[in-house]
Structures are given as C-alpha cells and as structure tokens.
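**Q** Given next are the chains, with one letter for each unit.
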Amino acid sequence: MELVSLVFGGLPPALQIGGDYNLLIQTLYILLFFVLIFFGQRIQLQLILMELGNVIGHLDRMRRMGREEALKKLKHYSKNSQLEEIFNRVIESFVIFPESMDPSGIIRKLEHIMDIRETRFINDVKKMINNDEVSESMIKTMSNMVEASMALNMLYKIALHYYLLAKKTNSYFIAAQLQMQAPLIISFARAYLQAVYAFRDGAPVGDGIGPLVVNKFMSDKKVVKKKEDYVKDTSLYEIDYMNRRVFIVKAKGPGGNVGKPGEAIKKVITRMKKDIKLVIMIDAALKLEGEKTGTIAEGVGAAIGGIGVEKFKIEEIVTKYNIPLYAIIIKMSLIEAISIMSKKIASVYDDVIKRVDRVIKEETNEGDAVIVAGIGNTVGIP
Amino acid sequence: MNIPGVILQNNMQWLDYLLIISIVVAIFAFMLGNRGMRRANQFSRPPEIHTELVCSDCGFKEIRRFKEGDYIGLETGEKCKKCGGPTFVNLIYTPTSPLEEKS
Ligand SMILES: [Zn+2]
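Residue numbers (my numbering), protein chains in the order written: chain A, 26 to 407; chain B, 184 to 286.
Take the hints with a grain of salt, since some may be wrong.
[Stated by the list, open to error] Just so you have them, the derived chain A footprint on chain B, three or more residues with Cβ under 8 Å:
1. 243-256
2. 267-278
[Said to hold, decoys possible] Label pairs and their calculated CB-CB ranges:
3. A/208 <-> B/246: 29 to 39 Å
4. B/260 <-> A/127: 57 to 67 Å
5. A/254 <-> B/260: 40 to 50 Å
6. A/128 <-> B/241: 32 to 42 Å
7. A/157 <-> B/260: 24 to 34 Å
8. B/248 <-> A/267: 12 to 22 Å
9. B/208 <-> A/118: 43 to 53 Å
10. B/241 <-> A/148: 29 to 39 Å
11. A/148 <-> B/246: 50 to 60 Å
12. A/254 <-> B/259: 25 to 35 Å
13. B/227 <-> A/333: 27 to 37 Å
No wet-lab data here; the hints were simulated from the structure. Even glycine gets a Cβ: it sits at the ideal position worked out from N, Cα and C.
Next up, chain B with everything else stripped away, as it sits in the complex (with noise of 0.2 Å):
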C-alpha cells in the first residue's frame, strides 16, 4: 500500500527528530513570550526620583531621595554639607530612563 517515493525510508528516526525540535520550539517560545511580560511588568513600578540640591553659596552639588513637596527652585531649608550655607532644588530627575532596555 505504500506509494513509492513519498515515504522516507527510516520515518521512525524523522518523526523522533520532529518531535524533539517541536518540543524544543515551543519550550523556546514559551520563554520568550514570558520575558516580555515580565519587561512589561517592570515598566508598571514607579521609577525612583533623585532631587539635586545646589548650595547658594559655593555651588556643591548633593544628590537626594526626592521628597514630596520638592520643586524646581525651592529652598528646601537644608544646610550645604561643605559650607553650611542655604541649598535650593536645582533638578528633580529619575536617573533611569523609563525605556532602557534591560535584557
């Protein structure tokens, strides 16, 4: 009942092969659809925000965790940690771009 020529000669070992590689791909594909949802999810956590003091008189730079109520040019109160003198908010920034790539 065979039709010649269309029937591989050792179709045991071709269909063994098939199934290993059909195996292999989808455990390939699973992998990779659930690394992007999980990049997908570390997109929806609020990013971390640094607040940038300038002090007013020698212009020293102290990078902090940002505080609510902090804005562009507010005179936050706090001391200069080289001089002592008055520090105001110079930059409000988050030092990660919320589209760096992360593989």
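So here's chain A without its partners, still in its complex pose (with noise of 0.2 Å):
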C-alpha cells in the first residue's frame, strides 16, 4: 500500500476503503486485458519500430563512417577538385543484371556486364584521384575501398526502406520482418565497415588466404617461368617441384583484386590439354557458426565464390579434358573475410602448404603437370 501511494501519489479518500479499491484494480485489470486484446499489437509495433530505430542510427553511423574514412583517404591523394561530386555518383550507382529467362549464354553475358562495370568503377575512382603517381595497384585497392562503402550505404538504404514502409502502413509484419533480419543487417554493416578500414591500409583481408598460401608456396622455389598479366589482373608462375610443372594461378597483387582466376585456368589447360592431371584451388570458405575460424578442410569441385562466371569456367574446362579438380579450403565468418586478416587466419598458411604437398604426391606421377591456384581478395599480397 505505501509504495503503491509513494508512486501515485496517494489515492483519494473515497477509494481508500478497502471495497471500493478492489473494484477499481479490478476494472482497470479487465480494461487492461481488453486493450491489450484489441491493440496488443499496436503496442508491440511501437515497440519493434522504437528498437528498429536503433538499429536504423546505428546503420546510419556506420555508412557515415565509412564514407568519411574512404573519402579521407581519396582526398589524401586526390588532385581533382570535383572529388566529392564524382563519389557521390558512384556510390549510387548501380548494375541490371542480364535477364535470365532464356538462360543460355548467360554466362557470357553476365561476364560481360561485370567487366563493363568494373572498368567504368575503375575509371571513375581514376578521375576521382586524378594523379598520375598513385599506382594502379593503389587504384585497385581504392576502388574496392569505394565498393564496401557503396555496399555499406546500399544496406543502409534498404533497411531504412522497409522501416519507412512498416512506419506508413502501420505494418506489425513488415517491421517483424526486419526486426528478423536486423541482427544479420549489422553484422553484414559492421563486415563492411571493416572492408573499408581494410582497404584504406591495404593490409591483407581473411579472404586472401589462398593467394597467401600460394605467395608462401612459391616463396622458398625457383620460379622458371612469371607472366604478371597472364589474363586480366591475373598473373602465371610456373615453378619445378617434386620433379612436377606446378604452374600458380593468383590475382595480381598487392593492389586489391580478386582477377579471373577461372580465365588463367583455362588458358592454361587449353594449351597444356591432358598434361594437366590436376588442379588444386585454394579459398576461404565460410564457416558454420560453431566451426573454428582457420580450420582447414579439403574437398572437391571448384572452391571459389562470386557471381560464378569463373566458377562455371572452370568447371567447363576441367569437364572436358576429364581433369580432378580438389579444394582446399579455409574457413572464417563473412567478417572475417573481409576485414583484415586476423592472426589465427594468417598463422595456417603452414598447413594448408603441407597438405598441397601431400595432394601433389599422392594424386600425380613425376614429369605430371598440375595447377595450384590461390583464390581471393590480393590486397596486401602480391
């Protein structure tokens, strides 16, 4: 009683014999019970919009971040004066994938489109700077910089998008649905955020291990043969190992770029034909929450992501001349991959090394020819 009248600053004396009370709670308590019947998810909208909110101002800061960070970084060694104006245009600039209903030669197309939108995110990030000193390599790096921050404000958008919508049409659905979704929007948010922090130092990011493992691989060998630009923003080593041709396949480093690593592969096997008795690629793979970050694990078929132009290449290619295509993979969260890389990724390099060794012994005969490729993001590694 005392604290109940401490809260309410006491009731009125008419209501203070004990009857009377009584039917007072007690008509507020059916009262309650109907409104919360009939308007209970009116209420728990308001709730879900008021958390949503939250999550909204913390995208918000996030896509600021990164945009200030990537601009700071543009503007460090920028010599154009229109900066800004060209960065706005990008960051909302967009690609219409190739229609699909009629699926053949899609793949040719969509190959297409993405070389087309590279050149011109290339080009653009090119006239942004407007230095002739800053390297390609830099270039390359800043651009993917750019990309995570685009990716950044893209979720921002579409997040706020559907929390407009659930605020209009008073949608307890449209709002459950993204109260869903929202854990995984900040932690995609907080991925790319780390991909620009990435990519403004130019450190390697987790997804680089498999041209880190093939950097190390090659790095205690005699190269006999290097072509830096084997096919676009892919470069060829061939080293004697094992009494075997093991020819690499990598991105061109350190400049960030994952190539086509897929083209290289074929190229190759289109001149060597059945010379080839193997190929080994090497990629992050994501993991499944409750798997160790940096476990190893092999397999077989093509371990690489992306839209899959170089994957169906790649598969194409070893179908044809009946060639076994394993994998090795290493595996890390999305944050993980596109963040710098963090020590327990970079510490299995090792490993993943021996077990190449191990595959090449086993699988293939002395004089054999085999592929080793390292699959990923080069930033840092060249």
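Two chains, two frames, some hints: make the complex.
**A** The following block contains the structure:
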C-alpha cells in the first residue's frame, strides 16, 4: 500500500476503503485485458519500431563512418576538386543483371556486364584521384574501398526502406520481418565497415588466405617462368617442384583485386590439354557458427565464390579434359573474410602448404603438370 | 461488490511486489539493450594491425605496427635487431579477431 500511494501520489480518500479500492483495481485489470487484446499488436509494433529506430541509427552511423574514411583516403591522394561529386555519383551507381528467362549464354553476358562495371568503376576512381603518381595497384585497392562503402550505403538504404514502409503502413509484419533480419544486417554492415578500413590501409583481408598460401608456397622455390598479366589482372607462375611442373594462378597483387582465375586456368588447360593431371584450388570459405576460424578442410569441386562466372569456366574446362579438381578451404566468418586478416587465419598457411604437398605427391606422378590456384582478394599480397 | 475468489486477500501487498518486479525487469532489459549497442560500437572501430618482419639471414622475428605501404614479401630496408641483416614482411595480421566476444 505504502509504495503504491508513494508512486501514484496517494489515492482519493473515498477509494481507500477496501471494497471500493478492489473494485477499481478489478476494473482496471479487465480494461487492460481488453486493451491488450485489441491494441496489443499496435503496442508491439511501436516497441519494434523503437528498436528498429536504434538499428537504423546505428547503420547510418556506420555508413557515414565508412563514407568519411573512404573520402579522407581519396582526398589524401586526389588532385581533383570535384572528388566528392564523382564519389556521390559512384556510390549511387547500379548494375542491371542480364535476363535469365532464356538462360543460354547468360554466363557470357554476365561476364561482359561485370567487366564493363569494373572498368567503369576503376575509371571513375581514377577520375576522382586524377593523379598520375598513384600506382595502378593503389587505384584498385581504393576502388575496393569505395565498393565497400557503397555496400554500406545500400544496406542502410534497404533497411531504411522497410522501416519507413512499416511506419507508413502501420504494418506489424513488415516491421517484424525487418526485426528478424536486423542482427544479420548489422553484422553485414560491421563487416563492410571493417572492409573499408582494410582497403584503406591496404592490409591483407581474411579472404586473401588463398593468395597468401600460394605466395608462401612459391617463396622458397625457384620460379621458372612468370607472367604478370597472363589474363586480365591475373598472374601465372611456373615452378619446378618434386619433378612436376606446377603452374600457380593468383590474382595480381598487391593491389586489391580478385582477378580472373577461371580464365587463367582455362587458358593453361587449353594450352597444356591432358598434360595437366590435377587442379588444386585454395580458397576461404564461410564457416558455420560453432566451427573454428582457420579450420582447414579438403574436398572436390571448384572452390571459388563470386557471381559464378569463373566457377563455371573452371568446371567446364576440367570436365572437357576430365581433369580432377581438388579444393582446400580455410573456414572463416563473413566479417573475418572481408576485414583485416586475423592471426588465427594468417597462421594456418603452413598447414595448407603441407596439404598441397601431400595432395600433389599422392595424386600425381613425376613429370606431370599441376595447377595450384590461390583464390581470393590479393590486397597486400603480391 | 466483490466477486468472491477473484480478488486476492492481500492485494495491496501483491501490487507492491508487482511494481518492484516490473521496475527491476525494466532496468535489467534497458541495461541489456545498452550493452548490445556498446558492443556493436566497439566493432565499428578500425582494428590494430601488426606487421611481422623476418630476417633473411638469421630468421629472427620482429613484430611492429603496420605502416601504410607494407605488403607480404616487401623488403622494408629495416635492419634485423639481432644481426643487422635485411628483413622482409612475413605476415600482416590483426592480433584480435573482429568476432572475439568481450563481455
Ligand atoms: Zn638477423
């Protein structure tokens, strides 16, 4: 009693007699019951919208941080006074994917569209910088940074769209859907913000473990032949190892770049035909929650992400010549894949190299030729 | 006017408890929500980056802060602290994973 009167400033004297007071409480509870039945969802909606408002605010902060970081870096090198104007235009740019109703030939179309996009993107970044002293690899790294900032912007815009839609239509279910996705959206945004930082500094990202492994694999061996731009943005090295010809495919570093490993593998196999006895692909792969970061696993098939163009090329060519395709993957989460490589990931390269050695020894004979491809972004890894 | 059996005998006390419990629950929920936000902000900061230099002559490892322009295999021109030999960048990494939970 004391506490209730303290909080509510005391009850009117007429109600302080037991029976009447009971009646009031009883009525209130019954009222509350009906309020909750009829307006429960509305109340829930308001609660969810409040929570989503926080999420949107957080996304907006991250988006602005990413944008500022990217602009700061660009400004440092830029000689163009219209930098921000071009940046704003690029941030809002889009890609229209080819029609898939008649899927024959779609891979070629898709590749074409993505090639144009990349060229245009790089040219835009070059225009933003407008400085001949900045190296090509630096431009590529910066274009990756702008891309990450673009992704942050997109995430924010999509989340905001559903938030405002839920508000406008007073729809509990639109709000609930966004609420369900919110933790994932936030974690994606965090990952992209970390990616902005990584590309800003030009330090290797987790996804670069594939290129790192092949870089370390070659580092203590004599490179017989080296072609830097074997196909667009992709290098090919040849080493003589355990009396086998080992061709190493890797995107050209140390600029941020994934290259065209599929095209390179295709070109090597087209030239060497059945002399290639084995293709080994090394790539980062998404782990399941509960799996440890840096776990290595072996399997078969084309270990490569992206939109599928390179994967298709590899699968097609190895099928044509009946060449076995092995995959070694290093597991990590999305945020680890696109943020600066953690020690846990970097330190597994030794183990991966041992596995590559073993697979080459077990699956091929002396005199055979093997392709080892390190798939992933080469930022900071030449 | 009482409906027998519905009203608790001591509803004053019962209400007091309800009030205390709901206040405690509200504070707890608020703190929990705040903690989540703070953790989210912590992930928005750039991580610390280390560069591991290895001496080409004696293999001595030295870890220093990452400098812009460092990349794997780069011969930095920095001398080995043990024998004075040339060093190269062996690895670049962040010592803390962005996912490591700190509670
Ligand atoms: Zn030394």
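**Q** List in ascending order the numbers of the hints, as given earlier, that are violated by the structure.
**A** The structure breaks hints 5, 6, 8, 10, 11; every other hint is satisfied.
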